[in-house]
Structures are given as structure tokens and as C-alpha cells.
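Trainee: What follows is the residue order along each chain.
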Amino acid sequence: MKKNWPILVVDDEDVMCESMGAWLREDGYHVDTASNGQKALELAKSMDYAICFVDLKMPGGMDGIETMMEIHRIRPDASIIIITAYATVDTAIQAMKEGAQEYIVKPCNPQEISMLVSRILKLKKLQSENAILRKKLNRQYRHYDIITKNPRMAEILALTQDVSDLRSTVLIRGESGTGKELVARAVHFSGSRAEKPFIVVSCAALTETLLESELFGYEKGAFTGAAAQTKGKFELAHGGTIFLDEIGDISPKLQADLLRVLQERRFYRLGGTQEVAVDVRIIAATNKDLAEEVKAGRFREDLYYRLNVIEIRLPALRERREDIPLLAEHFVQHISSALGRDVSGISAAALKVLIGYDWPGNVRELENVIERAIVTCRNGMLDEPDFSWLERNPGSPQNWEVPDVPLGELERRAIVAALERKHGNVKEASAALGIDRSTLYDKLKRYEIVH
Amino acid sequence: MNGLCLVAIGNVPVKALDWIENAIAEWFPLPIRRLPAFPIPEGAFDAKRGQYQSVELMKMLAQLAPRDASRVLGVTDVDLSIPMLSFLFGQAQFDGPIALVSLCRLHQEFYGLPPQESLLRERAVKEVLHELGHTFGLVHCSESSCAMSLATHIELVDSKAEQYCVRCGMQLVQRFTSKEATV
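Chains as they are written, first to last, in my numbering: chain Z, 519 to 969; chain V, 1404 to 1586.
So that you can see chain V by itself, here it is in the shape it has in the complex (with noise of 0.2 Å):
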């Protein structure tokens, strides 16, 4: 295993990357490794929605990040949506190395309401941890406070703690812990 690149995609705010780190360090046994930003690549944008095509920024984190990285986070501060959706807030590949997060939707601006920062990193870390989570093949919990609970608007982001529970929480650390798994 090497380690975990975390890497921005355009412009993301530095102390965001901070906390991001801070809570992967928390969680998982890995080396972190940050990486300069990517641009966005080119042709992601979808004019007729206004966001950013998914797909697009996860081949390209496939494509640029390091071969030797067993997992690839990038953070990025634009909207993203798949064909079907019209809207995530973020991707992975499951029990795959690339993750994605936007904290576009995360915002309290987004809502129309007054910025506020600890919400902010709050949010993060729970998406982080959620995406994050699928990559070493966690899936959606049913307990609701789960950070691996689905959350398909932003009130269900909130009502999540900052933390898995305890039996992805168990279920991560066999993973980190069995002789047969890879990290």
C-alpha cells in the first residue's frame, strides 16, 4: 500500500483540505499524500445543467493520479450530477481506489442562508467518510447517524455524526486488520 493521495479539483479552499486530512487521519491507517490541485477538465462542464459531469472528474483522477496510490480523493468546490441525477454530492468507485466529493452543495450560500464554517467542515468530513468508506466497500447503513447512511438531500447530511457506526466502524477495521484483504 501507498498511501492515500488527497487532491483538489480547481479552486478549494486550503483550511477545507485541512480539515479533510485531519478526519482521514483520524480514520484510516494511511499515509496521507497531498497532491497538487487539478484543473477541471476540460468538456466535464454541462451547459444545459449548469454542473459538472461526475464521470468526467473521476476518469480524470484514474488518469493523473499516481499509479502507486491505493486511494485517490479529490475534493472539489463545483456541482456535480450523473445523467440520471441532478445532483451528488459526491462518487466512488466501490471497494475501487477513487472517491470524489463537492462541497458546491454543502454551503449553507447554496440555500440561500449565511455562511457558516464549523457546518461546513462538519459536512465534509461526513462525505468524506462516506465516500471513502464505499472505496473499502462499505455500503449504505440503515442507521440513519451512520456517516455511511444515504443521504440524498442536504437536512439528511446534518441529521449524520461525524463518525461510522459500529458495525461499519468494525467492518472497516477487520478490512485494515485481515492478512487476506488489501487496503
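Only chain Z is shown next, with the shape it has when bound in the complex (with noise of 0.2 Å):
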């Protein structure tokens, strides 16, 4: 629709005005009129522009290239059109590298102006859908790695649009597969430092002199090995968003150089003498209950405030039951189709299981298993039988019906299983069943276990 494309003329001579903008109307746009600069910026505040035609030489106040900056600092996607009476090379020169999109001398032709406004609305139009486009990609892209209806991770997902564009340090709990990092991602991806790094870290994967010189970087001959001088975490991650995961895991020397960064956003590299000042914002998660640590002396508390600025809690997968069919089929199409195979959904039975199971890790166990029944898998549909494995899962008590049995022989079967379990090695097996070894003995005399 043209009239979702206003136009404003800016002309001291009204019959310019007028005259021009009846034959826009014609055309079918809505079109605003000014007779100078002043005029014409009062009209840009309440009106979203597409095309601005400004005449180049207006006596008094502001001339048009004026007009035309101070037009583009209000609506800086409004194309402008530079008219002028006298063709010179220079102010054409003048007027473009001042950012109009298009000079014309008057009078024109009138199939040349009319062409001129459909060439820049085309491009208008292909500039707003690639727009629409891109949001809708974002969006998908969001909604592709974070599925979810559950309403307590809708929250968390409003909440990293919140915070994405702050620098505060964000501070992600949540059990193993429980998507933490990509949360992080969220965070990173959706603010403004979404064109700059997003760095991983994983504390607990490196020993703590590797974790240092990963974080931090190091200087030439710095250690045996050390040939060069390089970069590490914190200023590749310059500018960025530095993931530190499983942060709980950090030894006491690492916590109080992580705090000195994180309070001064600098720090050395290993062997070096010089400071590395850094922009870096830093979203930390663990599986671990920090404040216990820090009760328990193996956590800094400094550090933990200071990590803990803003505070994520990602839900336990069987704390949104909810949402496991939604990424069941989400894994489903994704990872049958990744691996070239023919499986095109999962049956309600196989649902069933699958919501009834407690998933210890989360939904990245979900995503294994679907994995694993989609090779195995015989027919085009994962079914119950598929995932027949997963329900002898002793792990799952909604599962797990008491045999109509003697309380002896439930003993007796603990005790089966345990030593099954721990491979016949008796003191792990007392200790899972919360026995003492010499009472594990009596019991297999007792119930005559052959051990």
C-alpha cells in the first residue's frame, strides 16, 4: 500500500508544494508539504517519512543539505531527494556524500520522478521484509534451541532479553543437560554484543595452571612450551560475552584471580608484565549450590557476590514434564534427519514413557536417548518397544511398582541388585544400600546369597 510510505516535500515556493504534492496524491501517497526546514523537521518528529524531497537552495534558516542532515538525524532510514534548480556537479557532490539517496534537477520528466519513487520504495520494501525476515529468523533461532511452554522458562527466556543488553555478570544454575549454555547464548545473542565473540570455557575440562593460561593468556617463555606470546579467553572474548561453566569447580588460586577481574576488567597474562585491560561480560554457571560452597569453605563469598549479580535457575526437566513432548519431536526431526534416517514422529504411547521417566540429565539425556531409539529404531516411528530399555531404569520411581512380595525377599532383591550394580564389590554396595559391610555380610548369610 502506498500510503504506508509517506513522502514529504520541503519547498519555499508553495507552488512547488502544492503542484508536487497533488501529483503525489494522484499517485496515491500521502503527502505532507513545508515550506522550510524548520517546518519540515516538526513534521519528521510525528511522521515516519520514506522519501523526503528537499530543495536545495531555500532563502532564510536552513538551506537543504541542512534540512536534509537534520532530517536524517531524526529518521535515518528516510531516503532523500535533493532538488535543486541549477544542475552543478559540486552541490550534487555535496548532497550525496551528505547522504541524500538521489539528486534531481527541476523540472524533470515525469516518468523520471515517478520511476525514481518506485526504484527507492522497491528498495524500501525489499529493506522492511528482510527485516521482518530476520526477526522471524531470530525468533526461530530462539525458539529452535530453547523449546518450551513451560511457563517458568518463558520467564527466564523474558528475562535474558532483559538483561541482554546490560553488562552485569549473569550467574546460571541449573542440573547437568539442563541448558545452561544455551541460556547463555540467549543472553549474548539477543543484546548488543551479539556481533561480538561468545567465548566457552569449561572450568572442570582443564587442570588449574591450563585453566589459567587458557583464561588468561601468556607471554613468550612464560612456561616450557610457551613459544609465542597468545590470547587467551578474556581477550578473545574482548567486546563479547566469556562463558565460564561449571564455575564451582574453579580452585581457590583461580577464584581470586577471576575476582581481581571481575572487579577491574583487567589482569596479566601468565608471565607478562603488562596489564590487558579488557570489555568482556561474564555469564557463569554451575550445577553446584554455590552458597553451600562458600558455607562450606570451597567457594570465595566475595566471588560469589559478584558473580551472583543476576541470578538464573534453570527447572530440572522433570520439573516441566510439560515441555518433553515438545522436544522429543523437536530431537526427533532433528537428529532422524541428521543422521539420514526415515523416522518421522514418536507415538503417544512412547510419549507416555518418556514423560513418566525422571531424565537425572535433563534434556540432554532426552536428546541421547532419542538418539539412540532413532538408531535402533526398525519402522518409520519410535514406539513404546523403542524405549523399553529406558522403563527398567531404576531411576524412575513412577515407574517402579512394589512387588507383592515378603519385606524379606524385598530385602533379598536390594540386595541382589546392589551387588549387581556395584559388580559384586561388597563395600560399594553397603554404602549404596546405607549399611555397614560387616550387616551387608550377616544379610547375605541370611538370605543365603551366593556372593
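Among the hints, a few may not be true.
[Said to hold, decoys possible] Here are the simulated DSS-like pairs of lysine-lysine, each with C-alpha atoms no more than 30 Å apart in a straight line:
#: 1; chain 1: Z; residue 1: LYS714; chain 2: Z; residue 2: LYS520
#: 2; chain 1: Z; residue 1: LYS557; chain 2: Z; residue 2: LYS521
#: 3; chain 1: Z; residue 1: LYS667; chain 2: Z; residue 2: LYS557
#: 4; chain 1: V; residue 1: LYS1462; chain 2: Z; residue 2: LYS575
#: 5; chain 1: Z; residue 1: LYS575; chain 2: Z; residue 2: LYS642
#: 6; chain 1: Z; residue 1: LYS642; chain 2: Z; residue 2: LYS667
#: 7; chain 1: Z; residue 1: LYS771; chain 2: Z; residue 2: LYS738
#: 8; chain 1: Z; residue 1: LYS714; chain 2: Z; residue 2: LYS749
#: 9; chain 1: Z; residue 1: LYS813; chain 2: Z; residue 2: LYS771
#: 10; chain 1: V; residue 1: LYS1418; chain 2: Z; residue 2: LYS557
#: 11; chain 1: V; residue 1: LYS1462; chain 2: Z; residue 2: LYS521
#: 12; chain 1: V; residue 1: LYS1462; chain 2: Z; residue 2: LYS520
#: 13; chain 1: V; residue 1: LYS1418; chain 2: Z; residue 2: LYS575
#: 14; chain 1: Z; residue 1: LYS557; chain 2: Z; residue 2: LYS520
#: 15; chain 1: Z; residue 1: LYS520; chain 2: Z; residue 2: LYS640
[As the list claims (entries may be wrong)] Only some residues are given here: those of chain V computed to face chain Z with a beta carbon under 10 Å:
#: 16; residue: SER1484
#: 17; residue: SER1489
#: 18; residue: PHE1490
#: 19; residue: ASP1498
#: 20; residue: PRO1500
#: 21; residue: HIS1533
#: 22; residue: GLU1534
#: 23; residue: HIS1537
#: 24; residue: HIS1543
#: 25; residue: SER1547
Worth flagging that the hints you see were computed from the coordinates, not collected in a lab.
The beta carbon of each residue, even a glycine, is placed where N, CA and C say it ideally should be.
Please assemble the complex out of the two chains, which come individually in their own frames, going by the hints.
Mentor: Below you can see the structure in the form of C-alpha cells.
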């Protein structure tokens, strides 16, 4: 609709404004006119003009170039067409330099102007279409990554949007496999740092010294094998975000180093004498209860408070069972196409099994379970039998029915199961059963269990 | 409503006014009144361009036409322009009472060709339908054969039909038949 592309004509001559306005209105555009730059700016404040025709020479007050620059300040997306009565290369160059999209000499051919307007609008339509598609893609990206209809998760997603533009440190808590890294990515990629790096460091995966050099980098010769100056993850993340996964596992020495970076945003490379300043947003994640770790003296209290500026606690998958069907369907589609398997879906009975399971490994476990089922699936649909191995999982209390047997028999079975799980290791089996070793031996004798 | 006033501005062949009146009668349910010709307003001539300022002729139509006329169509044989554009086939007040058509560039002679009366008639009718369409709220139509399509040179005028497309035609009918709308 042409009405969606309002046009402004700025000219000190009334006759010019009137006739140009009338001509464009006949073409279906909404046209406003202004007799000077000041009036043009007032109009531009309240209307998002797609195109502004601006006369180059306007006596008194702002001339065309000034008016154009001011309009651009208010409406950076408006296309400005400079109108002039004199075709001089100098003014044309100046106008284009200052950001005019086009430059026309009046009087011009009706065809010329009609083509000019439609060319600009074609571009604008493409731009707005592009913006809409980008938005859609972003949304899709987000939904693709974090799939949920759980209200608490929705709140968390909203929170990630709210904090995305801040530099405040975020602490994400949640069991392993709940999607802590995905949430960190959502914070990073929906904010102003999205174009800058997102660097992931798994703190538990590395030894203290390795982690230190990984985080802060090192100078040439800082240690054996340090052949050249190397940037650490903090430097690589400059302008962006560093995601410190499993922060609860770092050593006291690193806790102190990290505290300094958090406080001052500067550090030394290993073996270095020059401070390195960085602008990095820190997102930390842990599956431990850091408050407990602080109480137990294993985690620095001051670091804990530095990290815990914005806290996000991710629910376990068993706390958002309504998401299991959504996630399962998603993984089926995603994994079957990635593996080139022709599995089209998952049956209701199979979903019931999945919903009933407790998922100690959370979403990651669900993903692995679906992958295993797809690999072994013999027909085009995942069904209950494809997950039969999952039902035997003792971790699922809802699937555990108490057999109708004497209490002694239950005890006997529990002992046998514990021994099987621990491969016959009596010490471990007794610990798992919560009894001491001599009691277990007594019971083995009593129930005549051959060990 | 008090009908449509048809008025020549300067010298216009009576024959041309007859063609135009017939075409209007065919499309618009309005009584048509022919007024005696208006003179070309003084000061409308732009000596630098050798053309007449369309805006001046429009102003005169608004001033001199009877107050009770619902539409006023001026027809002239002089070449029209506005400051921004090098020429105009015609001009209209969008959804307003005044319309103006110039026959100047509709003559084959303008393009150095021998006169052709039937072609002049067709072109005049197309332009009159176009400008009057604007006064009834029609905007340019994307259908190239519709009288409301935008013609920026004579070939485009020739490729139009002497009629509105179904959509524009229906919009006009609605305008004339709806109770709320004023003709």
C-alpha cells in the first residue's frame, strides 16, 4: 500500500509544494508539505517519512543540505531526494556526500520522477521485508534452541531478553543438561554484543594451570612450551561475552584471579608484566549450590556475590514435564534428518514413557535417548518398545511398582540388585544400601545369597 | 449535487468539447453544464519555459466556476507544467472539485506527425476520465489498460483503453450509489 510510505515535500515556494503534493497524491501517496526546514523537522518528528523531497536552495534559515542532515538525525531511514534548479556537479556531490539518496534537477520529466520514486520504494520494501525476515529468523533461532511452553522457562527467556543489553554478570544455576549454555547464548545473541565473540570455557575440564593460561593467555617463555605470546579467552572475548561453565569447580587461586578480573576488568597474561584491559561480559554457570559451597568454605564469598548479580535458575526437565513431548518431537525431526534416518515421529505411548521418566541427565539425556532410539528403530515411527530399555531404569520411581512379596524378599532383592550394580563390590554395595559392611555380610548369610 | 461544469480555457475546438461531454455523460451520472470559455489567466505564462503554469489555471477554475458546481473540468489547448515537472497532460484536486486537461500534447502534430482526429479524440477522452477519476478519489491504477494508470508519456496514454478497469469502475459506482458519500 502506497499509503504506508508517506512522503514529505520541503520547498519554500508554495506552488512547488502544492503541485508536487497534488501530483504524488494522485499516485496514492500520503503527502505532507513544508515551506521551510524548521517546519519539515517538526513534521518529521511525528511522521516516519519514507521519502523527503528537499529543495536545495531555501532563503533564510536552513538550506536543503542542513535540512536533510537534520531530517536524517530524526529519521535515519528516510530517503532524501535533493531538488535543485541548477545542475551543478559540486552541489550534487555535496548532497550525495551528506547522505542524499538521489539528486534531481527541476523541472524533470514526469516519467523520471515516477521511476525514481518507485525505485526507492522497491528498495524500501525489500529492506523492510528483510528486517521482518531477520526478526522471524531470530525468533526461529531462539525457539529452535530453547523449546518450551513451561511458564517458568518463559519467564527465564523473558529475563534473558531484559538483561541482554546490560554488562552485569549473570549466574546460571541448574542441573547438568538443563541448557545453561543455551541460556547464556540467548543472553549474548539477543543483546548488543551479539556481533562480538561468545567464548565458552569449561572450567572443570582443565587443570588449574591449564585453565589459568587458557583464561588469561601467556607471554612467550612464561613456561616450558610457551613458544609465542598467546591471547587468553578473556582477550578473545573482548567486546563480547565469556561463558565460564562449571565455575563451582575452580581452584581457590583461580577464584582470586577471577575476582580481580570481575572487579577491575583487567589482568596480566601469564609471565606478563603489562596489564591487559578488557570489556567482557561474564556469564557463569554451575550445577552446584554455590551458597552451600561458600558455607563449606570451598568457594570465596566475595566472588560468589560478584558473580551472582543476576541469577537464573533453570528447572530440571522433570520440573517441566509438559516440555518433554515438544522436545522429543524436535529431537526426532532434528536427529533423524541429521542421521539420514527416515523416522517421522513418536507415538503417544512412547511419549507417555518419556514423560514418566525422571531424566536425571535432563534435556541432554533426552536428546541422547532419542538418538539411540532412532538408531535402533526399525520402522518409521518411534514406539514404546524403542524405549523399553529406558523403563527398566531404576531411577524412575513412577515406573517402580512394589511387588507383592514379603518384606524379607524385598530386602533380598535390593541386596542382590545393589551387588549387581556394583559388580560384586561389597564395600560399595553396602555404602549404596546405607548399611555397614558387616551388616551386609550378615544379610548375605541370612538370605543365602551366594556372593 | 449540482452537476459538472465543462469549460474551455482559451481557444479549444468545439468538437473536442463535444467528444469530452459525451464521454463524461457515459461514465458519470451528473448533469453537465457547458460554460462560456475562460480566458487564459494573466501571469500563467512562464516565458522561460514557454509553457503555462498549471497551478494558475487551477486557481482560476476554483475562483470563476459556479459555487454550486460539484465538479469543474477545465480543458485547454496550451502546454501545462508545474515547477517540478517538465509537462503535464492534466491535473486534478484529489477527491476535490477541480480538474484540468491539456490537449496540447495529445495532438499528433506536437510530435511532428500529421494530424489524426480520431486519435486526438481517444486521447482526450482517456485523459478526461483519468483526471475526473482523481476528483472522485481514484488513485493511479496498476492495470496498464485502465484509464487510471499513470501515463508519463504519450505512448502510455495510447496503451490505455477509453475506460476504467473493473476495480476502478466499481469504485466509482460505489461512490455514486453509497448514501454516505457525496458526489
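Trainee: Hint by hint, say whether it matches the structure.
Mentor: Verification of the hints:
1. For the proposed pair LYS714/Z and LYS520/Z, the alpha carbon gap of about 38 Å is over 30 Å, so the pair is violated.
2. For the given pair, LYS557/Z sits about 22 Å from LYS521/Z by alpha-carbon distance, which is consistent with the 30 Å threshold.
3. Taken as a hint, the LYS667/Z and LYS557/Z pair is broken in the structure, with Cα atoms around 50 Å apart against an allowance of 30 Å.
4. Proposed proximity of LYS1462/V and LYS575/Z is supported: the alpha carbons are some 26 Å apart, at most 30 Å.
5. Between LYS575/Z and LYS642/Z, the direct Cα distance comes to roughly 27 Å. Compliance with the 30 Å bound is thereby established for this hinted pair.
6. With a C-alpha separation of about 36 Å, the suggested pairing of LYS642/Z with LYS667/Z is violated against the 30 Å cut-off.
7. For the hint linking LYS771/Z to LYS738/Z, the alpha-carbon distance of about 22 Å falls within 30 Å, and the restraint holds.
8. With a CA separation close to 16 Å, the supplied pair LYS714/Z and LYS749/Z stays within the 30 Å bound.
9. With a CA separation close to 18 Å, the supplied pair LYS813/Z and LYS771/Z stays within the 30 Å bound.
10. Pair hint LYS1418/V plus LYS557/Z does not hold up; C-alpha atoms about 48 Å apart against a cutoff of 30 Å.
11. Simply put, LYS1462/V and LYS521/Z have alpha-carbon atoms about 27 Å apart, close enough for the 30 Å limit, and the pair holds.
12. A C-alpha spacing of about 28 Å is found between LYS1462/V and LYS520/Z, which places the hinted pair at or below 30 Å, so the restraint holds.
13. With a CA separation close to 45 Å, the supplied pair LYS1418/V and LYS575/Z exceeds the 30 Å bound.
14. Taking the CA atoms of LYS557/Z and LYS520/Z, the gap is about 24 Å. The hint holds against a cut of 30 Å.
15. This hinted pair checks out: LYS520/Z and LYS640/Z have alpha carbons roughly 11 Å apart, not beyond 30 Å.
16. Checking SER1484/V against chain Z by beta carbon gives a least distance of about 6 Å; that is within 10 Å, so the hint holds.
17. The closest approach between the C-beta of SER1489/V and any C-beta of chain Z is roughly 4 Å, which is under the 10 Å cut-off, so the hint is satisfied.
18. Nearest Cβ of chain Z to the Cβ of PHE1490/V: about 7 Å, under the 10 Å cut. The hint holds.
19. The closest approach between the C-beta of ASP1498/V and any C-beta of chain Z is roughly 9 Å, which is under the 10 Å cut-off, so the hint is satisfied.
20. Given the 10 Å rule on beta carbons, the hint for PRO1500/V is violated: about 13 Å separates it from the nearest Cβ of chain Z.
21. Because the closest C-beta pair between HIS1533/V and chain Z is about 9 Å apart, less than 10 Å, the hint holds.
22. Interface restraint check: GLU1534/V against chain Z, minimum CB-CB distance 9 Å, threshold 10 Å, status holds.
23. A distance limit of 10 Å between C-beta atoms decides the matter here; for HIS1537/V the minimum to chain Z is near 5 Å, and the interface restraint holds.
24. Residue-level restraint check for HIS1543/V holds (minimum Cβ-Cβ distance to chain Z is 5 Å; threshold 10 Å).
25. For the restraint placing SER1547/V at the interface with chain Z, the shortest Cβ-Cβ distance is roughly 13 Å, beyond the 10 Å limit, so the hint is violated.
Hint check: violations occur at hints 1, 3, 6, 10, 13, 20, 25; the rest are consistent with the structure.
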